[in-house]
Amino acid sequence: MIKRSFFKSRFLPYFLILPQILITLTFFYWPAFQGLVNSFIRSDAFGGHAKFIWFENFLALFRDPLYLESVFITLVFSLCTAFLAISSGLFLASMANRALRAKAVIRTFLIWPYAVAPAISGILWLFLLHPSFGLVSIFINKWFGANWNPVLNGRDAMVMVVLASAWKQISYNFVFFIAGMQAIPKSLIEAAAIDGASPFRRFWRITLPLLSPTMFFLSVMNIIYSFFETFGVIHTVTQGGPGGATNILVYKVYQDGFVGLDLGSSSAQSVVLMSLIILITVLQFRYVEKKVQYTG
Amino acid sequence: MKKIKWILFSTLLFFTLFEVTAVARPIEIRWWHSMRSARGVVADTMIKAFNDSQSKYKVIGSFKGNYDEALNAGIAAYRARKQPHLLQVFEVGTQTMMLSGAIYPVHKLMKDTKTRIDWSAYLQPVLSYYMDANGDLASMPFNSSTPVMYYNVNLFRKAGIPMLSKDKPVTWDEMGAITGKLVRSGVKGGMVTAWQSWTQIENYSAIHNIPFASKANGYEGLDTRLQINNPLVINHITRLKSWMKDKRFFYGGQKYQGPKAEFLAQNAGIYIDSISGIAKLKKAVKDFKWDVAPLPVESYMEEPQNSIIGGASLWVFKRHKKSEYKGVAAFLKFLATNDMQEYWHKETGYFPITLNAYNSLKSKGYYKANPLQEVGIKQLNRRLPTKISRGLRLGYFVQIRNIINEELELVWNDKKTPKEALDNAVARSNVKLISFEKTYQ
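Same order as they appear, the protein sequences are chains S and E. Just so we're aligned, residue 191 is where the first sequence starts under the numbering used here, counting upward by one. Just so we're aligned, residue 2 is where the second sequence starts under the numbering used here, counting upward by one.
These aren't lab readings, by the way, just hints derived from the structure by calculation. Predicted model, so just to flag it, every value in this text is computed and none were measured. Even glycine gets a Cβ: it sits at the ideal position worked out from N, Cα and C. Be aware that a few hints might be false.
[What the hints assert, rightly or not] Pulled a few chain E residues facing chain S out of the computed Cβ check, cut under 10 Å:
| no. | residue |
| --- | --- |
| 1 | LEU72 |
| 2 | SER101 |
| 3 | SER215 |
| 4 | TYR252 |
| 5 | GLY259 |
| 6 | LYS334 |
| 7 | LEU411 |
| 8 | LYS416 |
| 9 | THR418 |
Chain S on its own, in the form it takes in the complex (with noise of 0.2 Å):
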């Protein structure tokens, strides 16, 4: 039986949900209409020279190799980003699960970089791998021979940002699959343990099927996190660099919008972004949802 409550007045329940529904008016579809309005329009930044001009600004973004360009390294980007952070957060999580002593410690220990601003994790990773002064770069470079510089190589800075932007994510997931873990009954392990499975076979048998709601919620918080968030990562890091090998879209949005003062392409960009990231999402929820078994 679901209790339902029932009110008297027609406008009270109106009422109760009147201030949720005005700050997401004002902060969210107030700004993102701001957005789409201001897509169509070529216009300085004091607003005294608007001009509407149909479509021209997203022509001119689609006519750019470059903007085309940035939209594959985001694809890129986010792709690494969301399956190194889910794998290394799913691994953190089953060994976690069969700790045998200071669980709870251990746990919250891994929980901890999830505290950390996207920024400041940028600039502990430069701080690491930075070809002059960082650490890990130094025993690269001397150890493995190899010519790690990502200042100047466009794929070492997109492993920097890629490794910067994922451990910020591996708590976040971490936090998920170890409440999905302790959700799944123990007696199914167990009898698959009686059966003579291996540890190996039961998570993929079982865990790992039991969790694939969590799987999935995962993948699709973490492709946003990945498309809009890691912004202070790639601010702090790279600027977009090297040779733009690293612009990705979000990034470009700022640049072009904040700091250019090119409030046109700009707009024309967030929406062409808020476009990609409900188009991949739907993608999610029509193909890979129906792989997911809910159980309950």
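We have chain S already, so just place chain E on it with the hints.
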């Protein structure tokens, strides 16, 4: 009864006090700036000096974040009709501010308020950066710097290189020999440069009187187009690229942090950066001696032009009262006095903006004691600016600098030849310039 009396008395006192303050309250002038930490303290001291010097006006300075944050705050405030009187804007925002229709040009402000200022007493290359095509000043220069060359004295000695002159620049051919000697003496690299677009293309062009963009670098029309893909600049970039092979030059990053770190770690013997680096290096360098020299020039350039400035200027916003503008003019005039400029220059290393202040410092023997500080001024002031060396006036300049940085990086990491990269930088920047031009049609 006693209570009532007490209350009466105190209300009376309150009102008299209130009345008095209301009558004598000075006119407030709000100034939004980007001067933080040590520089912020200096700015506050100057504000206090002005406020103490008279009682009619009161300047209130507010730190509004770094340059782009402050500019955005100013724009948002203007749109909401809450703009400050003065806003500090970095040099690349000059064109946007000039065309905004939101500003009250400084030359007009001074004329309207009958404030007499002897413009010829100012450092001309500083003023010319903020003038319109008619030579009228749009904004008041505030913090100005120019790039110079830092070198590691210890490494130079070890490599047997004579110390560099503070007046006469070395030639780029000599630079090749010097950096070669440095590398052969066991230093990891020869030279690094901060702000590559500013130092290696913008200033390189100005010093050699090579147009950076058409229409007198954009001063004479919005239909300006970039021209940095000329043989001279291509040749310079090709030379730097060829020096990368034997580490005579190497790349340390777009801004100053990376290259500075290389200089501090003595991985590079020479480091090109703004004169504002003097204070930073004084603080950071402990284990070696260093010195300053003017930027290198080409051997054919017997009379090199002035270098150009970076930094920021103060813009006056429209839509304020006449009485307030008088205060703004008085404050700007106060900032340019010798006392203030000498203090400013000594504390921050930025240029004093008037010749008077410079000469006064000179006569007091300041430059004898601090010869480093004079290198930039001499380089900036060595010749009257030409139409080409007076500055750059481009729309979407931030984006254009980004484009130049990107394309240069593609040269340094072997993806493009210098000619391809500079051609592409011109083509991409011109798209931005055309779009900017259309905005104001």
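Verification of the hints:
A distance limit of 10 Å between C-beta atoms decides the matter here; for LEU72(E) the minimum to chain S is near 8 Å, and the interface restraint holds. The beta carbon of SER101(E) comes within 4 Å of a beta carbon in chain S, closer than 10 Å, and the hint placing it at the interface holds. For SER215(E), the shortest C-beta to C-beta distance to chain S is roughly 21 Å, which exceeds 10 Å, and the interface hint is violated. Contact between TYR252(E) and chain S, as hinted, is supported at the beta carbon level, the nearest pair being about 6 Å apart and thus within 10 Å.
Contact between GLY259(E) and chain S, as hinted, is supported at the beta carbon level, the nearest pair being about 6 Å apart and thus within 10 Å. Taking 10 Å as the C-beta cut-off, the interface hint given for LYS334(E) is violated, the closest approach to chain S being about 27 Å. The restraint placing LEU411(E) at the interface with chain S holds, with a minimum CB-CB distance near 4 Å, inside the 10 Å limit. With its C-beta approaching chain S no nearer than about 7 Å, LYS416(E) sits inside the 10 Å limit, and its interface hint holds.
Taking 10 Å as the C-beta contact cut-off toward chain S, the hint placing THR418(E) at the interface is violated, the least distance being around 14 Å.
The structure shown violates the earlier hints numbered 3, 6, 9.
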